[in-house]
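Chains A and B are the protein sequences, given in the same order. First residue of the first sequence: 1, per the numbering used here; consecutive thereafter. First residue of the second sequence: 1, per the numbering used here; consecutive thereafter.
Treat the hints as calculated values from the structure; they're not laboratory data. Source: prediction; values computed, not measured. Glycine is no exception: its CB is placed at the ideal position from the N, C-alpha and C atoms. Heads up, some of the hints might be wrong.
[To be verified] In silico DSS-like cross-links for lysine-lysine, where the CA-CA straight-line distance does not exceed 30 Å:
{"no.": "1", "chain 1": "A", "residue 1": "Lys207", "chain 2": "A", "residue 2": "Lys110"}
{"no.": "2", "chain 1": "A", "residue 1": "Lys207", "chain 2": "B", "residue 2": "Lys6"}
{"no.": "3", "chain 1": "A", "residue 1": "Lys15", "chain 2": "B", "residue 2": "Lys41"}
{"no.": "4", "chain 1": "B", "residue 1": "Lys41", "chain 2": "B", "residue 2": "Lys62"}
{"no.": "5", "chain 1": "A", "residue 1": "Lys146", "chain 2": "A", "residue 2": "Lys6"}
{"no.": "6", "chain 1": "B", "residue 1": "Lys87", "chain 2": "A", "residue 2": "Lys6"}
{"no.": "7", "chain 1": "B", "residue 1": "Lys41", "chain 2": "A", "residue 2": "Lys248"}
[Claimed, not checked] Computed spacing ranges between beta-carbons, pair by pair:
{"no.": "8", "chain 1": "B", "residue 1": "Trp112", "chain 2": "A", "residue 2": "Ala245", "range": "44 to 54 Å"}
{"no.": "9", "chain 1": "A", "residue 1": "Pro24", "chain 2": "B", "residue 2": "Thr100", "range": "51 to 61 Å"}
{"no.": "10", "chain 1": "A", "residue 1": "Gln42", "chain 2": "B", "residue 2": "Phe168", "range": "52 to 62 Å"}
{"no.": "11", "chain 1": "A", "residue 1": "Ala149", "chain 2": "B", "residue 2": "Ile211", "range": "54 to 64 Å"}
{"no.": "12", "chain 1": "B", "residue 1": "Ser65", "chain 2": "A", "residue 2": "Ser241", "range": "47 to 57 Å"}
{"no.": "13", "chain 1": "A", "residue 1": "Ala245", "chain 2": "B", "residue 2": "Met1", "range": "16 to 26 Å"}
{"no.": "14", "chain 1": "B", "residue 1": "Ser85", "chain 2": "A", "residue 2": "Pro24", "range": "37 to 47 Å"}
{"no.": "15", "chain 1": "B", "residue 1": "Val98", "chain 2": "A", "residue 2": "Pro24", "range": "46 to 56 Å"}
{"no.": "16", "chain 1": "A", "residue 1": "Glu17", "chain 2": "B", "residue 2": "Arg81", "range": "30 to 40 Å"}
[Said to hold, decoys possible] Residues from chain B that face chain A, not an exhaustive set, calculated with beta carbons under 7 Å:
{"no.": "17", "residue": "Thr5"}
{"no.": "18", "residue": "Leu8"}
{"no.": "19", "residue": "Leu82"}
{"no.": "20", "residue": "Ala89"}
{"no.": "21", "residue": "Tyr95"}
{"no.": "22", "residue": "Ala96"}
{"no.": "23", "residue": "Val97"}
{"no.": "24", "residue": "Ser186"}
{"no.": "25", "residue": "Gly192"}
{"no.": "26", "residue": "Arg197"}
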Amino acid sequence: MHLTLKIWRQGGQYKGEFVTYQLPDVNPDMSFLEMLDVLNEQLVHRREEPVAFEHDCREGICGTCSLVIDGRPHGPMKSTTTCQVHMRHYNDGDTIVIEPFRAQSFPVIKDLVVDRSAFDRIIQSGGYVSVNTGQAQDANAIPIEKEQASHAFDAAACIGCGACVAACPNASAMLFTSAKISHLALLPQGQVERQKRVLAMVAQMDKEGFGQCSNVKACEAECPKDISVENIARMNREFLSAVFASDKAM
Amino acid sequence: MSWFTKFLSSSLGHKVVMSLTGLFLMLFLIIHLIGNLQLLKDDDGEAFNTYAFFMTHNPLIKIISYTLYAFILWHAVQGIRLWLSNKAARGNIRYAVVHTRSSERSARNMAWLGIVILVFIVLHMWQFWLQMKMGVLPAVEVAAYDHPVQNLYLPVAEAFKNPLYVAFYVISMVVIAFHLWHGFWSSFQTLGLSHPRYTPLIKGLGYVYAIGIPAGFALIPLVFYFVGK
Chain A
1 MHLTLKIWRQ
11 GGQYKGEFVT
21 YQLPDVNPDM
31 SFLEMLDVLN
41 EQLVHRREEP
51 VAFEHDCREG
61 ICGTCSLVID
71 GRPHGPMKST
81 TTCQVHMRHY
91 NDGDTIVIEP
101 FRAQSFPVIK
111 DLVVDRSAFD
121 RIIQSGGYVS
131 VNTGQAQDAN
141 AIPIEKEQAS
151 HAFDAAACIG
161 CGACVAACPN
171 ASAMLFTSAK
181 ISHLALLPQG
191 QVERQKRVLA
201 MVAQMDKEGF
211 GQCSNVKACE
221 AECPKDISVE
231 NIARMNREFL
241 SAVFASDKAM
Chain B
1 MSWFTKFLSS
11 SLGHKVVMSL
21 TGLFLMLFLI
31 IHLIGNLQLL
41 KDDDGEAFNT
51 YAFFMTHNPL
61 IKIISYTLYA
71 FILWHAVQGI
81 RLWLSNKAAR
91 GNIRYAVVHT
101 RSSERSARNM
111 AWLGIVILVF
121 IVLHMWQFWL
131 QMKMGVLPAV
141 EVAAYDHPVQ
151 NLYLPVAEAF
161 KNPLYVAFYV
171 ISMVVIAFHL
181 WHGFWSSFQT
191 LGLSHPRYTP
201 LIKGLGYVYA
211 IGIPAGFALI
221 PLVFYFVGK
C-alpha cells in the first residue's frame, strides 16, 4: 500500500513544521513503528535526517512509544499503544498526520520525541513505602481482599506513557497521578505514607505546570491501558481527607 | 501560607471551589424556578409580587442572596482563571488534527458556555433586579401585606412581549442546560463522590435536572408570548 505521511519535524534544520513524505510499498503486516523504521531507512539512504521517535519494548507494556496519530494519542485503536497498531488498519492511499504529544510540561526534544521527565518527578515526590525488611515474608502474610487487589492492579496497569496529558484539552496529568496514588492507597503496603504521598504528588503535579482536570474524560477514552477516571475521584477523596482529616502538613 | 490558602491554591482546591459554588448555584436555581413559576398563575402577578417582596425583605434571605452573588462571581472568576491556566498548560502549538469524538461537547466547552451565562446573568439582573433595588417600579396592593409592594410583575410581563427578548431568554436557557449537563455530575466527581452504587443515580438526576430546570425557566416567556397573559 501507498501512504502519505505528514510528520512534525523540529530541531536541526527544521524550525518546527510538518514535512510530507511519500511511502510506497508499505506492508500491511508491519507495525506502525516498523513503518516509521522503513521511512527512516529511506531517509538515511537519501542522506536526510531520520525522524526521531521514541520506542522501547514494542510489546505495549513499557509506555515509551507515544505519537499523536491523526489527532489521537497512540492512534486510532482503543486500548492500544502506538507500537501495537498495525498497518492493516489503514487503507492504500491514506494520509496520516503524526505529531508529538503536546503540552507545556512535555517540551519537544526533537521531532516526535518529548521530555516526559515531569512524570518521573511526580513519581519521585511520592517517596517510599515502609516495608519490613529482614527475613523474606511469607507470600500471604499480608491479607488483601481479591476485589481490592483487582482495583489496585487496574490502577497499577498505568504505563506512564502520557497519553492522558496529550488527550486532555487542559493538558492535565490527573489520570496518571491518580492511578499512581490509587495503586498504593488501595494496598496494605501503601497505608503508612498514604496521606503524605497524595499531598506530595499533587503538589509536584501542580509544580510541573500541568492543567487542571475538568472531567472531560478524553484521557480515559484514549488511555492505552483503560485507566478509569474513577481513579481521579479517588485521588480527590484521598486529597480532601489528607487536607481536612489528617494532621499532615500541606 | 496557611494550610487553607495552600489548599485553595492547589489544582484540586481550585476544582473544589468550582464544585461547591456550582452545587450552591444549582440549589438556588431550583428555588428560583419555584418562585418564578408563580408568574404563570392567573392572578395578574399577585402571588409573584408577594413572593418578590418577601424575598427582598427577609433578613435571612438577604444574607443568602448576597452569598449567592459572591458565589456567582467566585465561580465565574475562578472558572475563567482555570480556563486561562489550562490553555497555557496546553502550550502554544495546537494539534494540527483535533479529535473530539472521545469526549462530550458540553464538557469541552464549559468555559464558553459559562461566559455566555455570565453575560445573561448581568443583563438579567440589569433588567429586573436593578429596577427592584432602585425602587423605580410602580406600587401595587397585595392581600398578604397591609402596605403596597413593588410591581415586579409589570416589567417581566412587558419584557416577555418582545420576541427578541423571548428568543434571547430561551437560547440562554439552552446554554445553561448544556453547562449543567456536564456540571452536575462533574461537581460530584470533583468532590470524590463516585461509586458504582450511586454514580448512575447522580448521572441520571443530572440529566433530568439539566433539562428540567432550564425547560421550566424557558416555559415562562414562551407562555407569556404565545399563550398570552
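Hints not upheld, ascending by number: 3, 5, 7, 8, 9, 11, 12, 15, 17, 18, 26
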